[in-house]
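Next come the chains, spelled out residue by residue.
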Amino acid sequence: MTDIVRSLERSLLFGNQPKETLALIGQQFRVRTLSSGEILFRKGEQGDALFIVAEGRLQIVTQNAQGDEVILNECGVGETIGEMSLVDESPRSATVIALEPTVMLELKREDFLQLLDEQPKIALLLLLTLISRLRFATTYIEKATEWSRKVSQGDYAFIEESVPLRGAEEKAQQFLGAFFQMVRDVQQREQALRQQIQALQIEVDEVRRRQAVEELTATEFYHTLRQQAQELRRHRHSGKRKGE
Amino acid sequence: MGLIVSIHSFRGGTGKSNLTANLAVQAALAGKRVAVVDTDIQSPGIHVLFGITQHTMGKTLNDFLNERCPIDEVAQPVKNLMSGSYPTLSENLQLWLIPSSINAREIGQVLRKGYDVARLNEGLQTLLQELALDYLFIDTHPGLNEETLLSIAISDVLLVVLRPDQQDVQGTAVTVDIARSLDVPHLFLIVNKVLPRYDFGEVKRRMEDLFQAPVAEVLPLSEDVADNGSATVFSLRFPEHSWSQKVRALSAKLLSLEAGA
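Note that the protein sequences, when read in sequence, are chains L and F.
Going by the numbering used here, the first sequence opens with residue 19, and the numbers climb by one from there.
Going by the numbering used here, the second sequence opens with residue 925, and the numbers climb by one from there.
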């Protein structure tokens, strides 16, 4: 049997709350179990509940423009899923699948609203969570601006400093994922071009070069030609076009 | 006094004749008086671009070299040759071609006996005078035999065409040294048939670094140009094509040069 209060204690959303508050909140949660591969919800479905992972691991996936599945993130114990739809009832922005037998704590919207009536400070708590995510997104927009500048200057070092995506909202993750993929692709193409040009073994064998030039210029023909050419050039350009 | 522009490449297959024909046509379209001499007597080819066949080829450079006729009888006005393909070609186009014989016996004779380099020089100087040329383009034979050395020696401008390839580069290095030793006033490299996926700026930089000589243009290996198969002067037939635009830019660079320098 899952201990709801203990799970809430380990959660990022409610972890800082005193035990009494957690006991109160805990009453509103239902336990939901998923077997491995089971879908929690699909992208586009109406969102009407928030989930906290009590045990197990889940994967957040979406589809790109080509219809291929793109893995956005993984979610583990203590993390929260779907808190935005709890407030605005927006459709789910991604599909969530259990990667192993998983236990979720589910808070329905109506129960949540009732909880807010009884415990207004819960609203503040949620607000803080949402703001931190907004800040995270804003920070990354600033960073992305800086990274774009670096890319156009050919500086790709920032890719190596790995980017912590956890905690980002799905759309932000999607953006960051696409952004980094783009930068990696651009860098790869640029490297490939450089290599191709380096692979064009355009080196001159200076010894052979000197030998060839010496052979060509050592002849009597060449000496005469060189003298004649000099005279010819002097003569031609000091002369006038016929008829002038 | 007109300028002699030699187009040379150390090896065959660089697109030298194709470039020569296109540059000559562009210069003529710009209102210049232009002649093209095919001195590649061992393997002539530029006549094909101007629509000459074995049957329509009149007197050739070989006739002049063998003292069978004066040089001006060999010069054929190109507008006559191409009026069938290009009815809109300006009547005022001042462009002549001095073709080399494609007769196997004549080529064999040159290969066996060579020819009088001094007479070739005399013929070229006469052409400049008689036709009052602004530009005399010489399509040279690959390598550095005596005829080619002469063409380089008397040139005001030498365009060395090369592909970004080891053998072309080695030969080009020798040609560049020879051109400097012969005091050619203007030397330019043209890197041709470059794979479009290469960074052209980088190719230009590397070549200039390697030869310490300016690269006038980096031209792509174009399927469209290859598809044209030397059947026509590409920049005349497809003036809006990006390849043609590059050739026009190259031509403009050439026309801005002055004698001597």
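No lab work stands behind these hints: they were computed from the structure.
Hints may be right or wrong, so weigh each one.
Listed next, with one range per pair, are the computed distances between beta-carbon atoms [to be verified]:
#1 H979(F) to Q209(L): 52 to 60 Å
#2 D223(L) to P1138(F): 57 to 65 Å
#3 A1042(F) to Q209(L): 49 to 57 Å
#4 T980(F) to L250(L): 29 to 37 Å
Reference listing, derived: stretches of chain F covered by chain L, where coverage requires no fewer than 3 residues with Cβ under 8 Å from a Cβ of chain L [to be verified]:
#5 1068-1075
#6 1091-1102
#7 1126-1139
#8 1165-1176
Beta carbons are placed, not taken as given, at the ideal position from N, Cα and C, and that holds for glycine.
A quick look at each hint next to the structure:
1. For the pair H979(F) and Q209(L), the supplied restraint of 52 to 60 Å holds, since their beta-carbon distance comes to about 55 Å.
2. The hinted window of 57 to 65 Å between D223(L) and P1138(F) is violated, with their beta carbons roughly 23 Å apart.
3. Checked against the hint of 49 to 57 Å, the C-beta distance between A1042(F) and Q209(L) comes to roughly 55 Å, which is consistent with it.
4. Taking 29 to 37 Å as the suggested C-beta distance range, the pair T980(F) and L250(L) conforms, at roughly 34 Å.
5. As drawn, the stretch 1068-1075 of chain F meets chain L at 4 residues by the rule of a beta-carbon pair under 8 Å; at three or more, the given contact holds.
6. Counting residues of the stretch 1091-1102 of chain F whose CB lies closer than 8 Å to any CB of chain L gives 6, so the stated coverage by that chain holds, three being the minimum.
7. Counting residues of the stretch 1126-1139 of chain F whose C-beta sits closer than 8 Å to any C-beta of chain L gives 5, which meets the bar of three, so the coverage hint holds.
8. Remark: the stretch 1165-1176 of chain F is not confirmed as covered by chain L, as 0 of its residues place a Cβ nearer than 8 Å to a Cβ of that chain, below the required three.
When held up to the earlier numbered hints, the structure conflicts with 2 and 8 and fits the remainder.
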